[in-house]
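A.B. asks: What follows is each chain in one-letter form.
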Amino acid sequence: MIPGSFDYHSPTSLDEAINLLGKLGDDAKILAGGHSLIPMMKLRLAEPTHLIDINGLSDLDFIKEETGYLCIGAMTRESALEVSELIAKKYPILKDTSEVIADPLVRNLASVGGNIAHGDPANDHPATMVALSAEIVVKGPGGMLGGGERTIPIDDFFKGPLMTDLQQNEILTEIKIPIPDGKSGAAYHKLERKVGDYAIAGAAAALQFDGETCTNAGIGLTNVGPTPIRAKEAQDALVGTSVSINDIDKAAELAAAVSQPVGDHRGSSEYKRAVVKVLTARALQTAKDRAEGGS
Amino acid sequence: MATQTVTININGEAKSAEVEDRLLLVHFIRDNQGLTGTHIGCDTTHCGACTVLLDGTAVKSCTVFSIQANGRDVTTIEGLEGEALHPLQEGFMEKHGLQCGFCTPGMIMSSKHLLDKNPNPTEEEIRWGISGNLCRCTGYQNIVTAIEYAAEKLQQPAEDQGGE
Numbered sequence: 337m338i339p340g341s342f343d344y345h346s347p348t349s350l351d352e353a354i355n356l357l358g359k360l361g362d363d364a365k366i367l368a369g370g371h372s373l374i375p376m377m378k379l380r381l382a383e384p385t386h387l388i389d390i391n392g393l394s395d396l397d398f399i400k401e402e403t404g405y406l407c408i409g410a411m412t413r414e415s416a417l418e419v420s421e422l423i424a425k426k427y428p429i430l431k432d433t434s435e436v437i438a439d440p441l442v443r444n445l446a447s448v449g450g451n452i453a454h455g456d457p458a459n460d461h462p463a464t465m466v467a468l469s470a471e472i473v474v475k476g477p478g479g480m481l482g483g484g485e486r487t488i489p490i491d492d493f494f495k496g497p498l499m500t501d502l503q504q505n506e507i508l509t510e511i512k513i514p515i516p517d518g519k520s521g522a523a524y525h526k527l528e529r530k531v532g533d534y535a536i537a538g539a540a541a542a543l544q545f546d547g548e549t550c551t552n553a554g555i556g557l558t559n560v561g562p563t564p565i566r567a568k569e570a571q572d573a574l575v576g577t578s579v580s581i582n583d584i585d586k587a588a589e590l591a592a593a594v595s596q597p598v599g600d601h602r603g604s605s606e607y608k609r610a611v612v613k614v615l616t617a618r619a620l621q622t623a624k625d626r627a628e629g630g631s
Numbered sequence: 002m003a004t005q006t007v008t009i010n011i012n013g014e015a016k017s018a019e020v021e022d023r024l025l026l027v028h029f030i031r032d033n034q035g036l037t038g039t040h041i042g043c044d045t046t047h048c049g050a051c052t053v054l055l056d057g058t059a060v061k062s063c064t065v066f067s068i069q070a071n072g073r074d075v076t077t078i079e080g081l082e083g084e085a086l087h088p089l090q091e092g093f094m095e096k097h098g099l100q101c102g103f104c105t106p107g108m109i110m111s112s113k114h115l116l117d118k119n120p121n122p123t124e125e126e127i128r129w130g131i132s133g134n135l136c137r138c139t140g141y142q143n144i145v146t147a148i149e150y151a152a153e154k155l156q157q158p159a160e161d162q163g164g165e
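Line by line, the protein sequences are chains A and B. Read in order, the letters of the first sequence are residues 337 to 631 in our numbering. Read in order, the letters of the second sequence are residues 2 to 165 in our numbering.
Worth flagging that the hints you see were computed from the coordinates, not collected in a lab. Be a bit skeptical, because a hint or two may be false.
Said to hold, decoys possible - In silico SDA-like pairs for lysine to any residue, Cα to Cα no more than 25 Å straight-line:
#1 A/Lys365 - B/Asp44
#2 A/Lys359 - A/Lys530
#3 A/Lys530 - B/Arg137
#4 A/Lys378 - B/Thr45
What the hints assert, rightly or not - Covered stretches of chain A (in silico footprint by chain B; criterion: 3 or more residues with CB under 8 Å from a CB of chain B, positions within the stretch not fixed):
#5 403-409
#6 435-444
#7 606-614
This structure is a prediction, so every number in the text was calculated from the model and none was measured. Built from N, CA and C at the ideal position, the CB exists for glycine as well.
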């Protein structure tokens, strides 16, 4: 399969990329890891007339802790999250997530920013970032017409299937995850038919505790709605509890209730809703175990 | 129709050509350079038959534009053999790591990347490492054995090896 014709641009700075995006207009697309975009171009589901390749922008490739946030550059490869010692030690939910995305060859090029900017509710990072209440940093042209850099709370980022708050002249540059205080743990569980497939369903859970009492809970769901879903009722039900097995069961029921799965070749909606319940319970249990120092 | 001249260092030799911007790396390798060891299987980023090393990293060459490889190093299955077969090639032969052979070039290039990063992988790490490569013949068991054979051989002192 051959993609449609396009003009290739490879800017050497972020500002140059943003200028190009502004100049070339609606027919230009950003090429990050390319592992969603290029397959879509081969199927002619996407036919951009200009591609702006940001793979050369090495300043968008970083994983670092800074002023209360874990900051991940948009061009960080999924494989980098898999092997990062910082991620494995302090943010294992991101390792859980990256290592179930597609397959190892795809992860060598696929980018974290692309996984989010694509806006696909079947992608895995969106639900994780919902659970972690991440902030999405995007950059557009500055000056009189506004724009410049802005930070979008994750709950405002996803607008619908393949639709996000990212404007045509903006580039997603960074994901910022608030570093939780004190005792905390988070985990992502995904059920897939085989390596490389999208999730039948996935559940991300993040918990914070004061002593034995849960003070904050985040739950995000993958591929059971038009966007990643925040299971707010389930979160609220956990705050103030010790996250006992009974509390987890109740929250998992609430998460299943708020999911909106559609029956397809991966299973009926009833089946997927049952999967959401099981995965939410498992993710919460793992998150709790991690908060208590287990793995 | 946008075209540009690219120079890609394939298996140690700089190869230049004028290509369409949309030309995929796998087509540059096979059609432009005539290196048909790299296969096209699914063409949809699933099967891994087109796997090559791009600056040492295993990637699916059906999902990279050739222009993205401009100025970079690409290693294909043809680039592995020196005076003798590479231990991975030898392993696949000795341990019956292939039947029809269609997946083999990609399987070997993924294994090369795996062993470069992790010279002594466990069986689980091998299975994980090749999970982006599909084989419809072998059931994978002999492929895993072949990679174990190569890992062992690559860790022997250089003089004991058949050459690389």
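A.B. asks: Against each hint, give a clear statement of whether it holds in the structure.
C.D. replies: The hints, checked one at a time:
1. Note on A/Lys365 and B/Asp44: the hinted pairing holds, with a Cα-Cα distance of about 22 Å set against a maximum of 25 Å.
2. The straight-line distance between the Cα atoms of A/Lys359 and A/Lys530 is roughly 42 Å, outside the 25 Å bound, and the hint therefore fails.
3. Taking the CA atoms of A/Lys530 and B/Arg137, the gap is about 14 Å. The hint holds against a cut of 25 Å.
4. The straight-line distance between the Cα atoms of A/Lys378 and B/Thr45 is roughly 8 Å, inside the 25 Å bound, and the hint therefore holds.
5. Proximity of the stretch 403-409 of chain A to chain B, defined as three or more residues with a beta carbon under 8 Å from a beta carbon of that chain, is not established by the 0 residues found.
6. For the stretch 435-444 of chain A, the assignment as covered by chain B holds, since 6 residues bring a beta-carbon within under 8 Å of that chain's beta-carbons and 3 suffice.
7. Using a Cβ-Cβ cut-off of 8 Å, 0 residues of the stretch 606-614 of chain A lie near chain B, which falls short of the minimum of three, so the contact claim is violated.
This entry does not satisfy hints 2, 5 and 7, going by the numbered hints stated previously.
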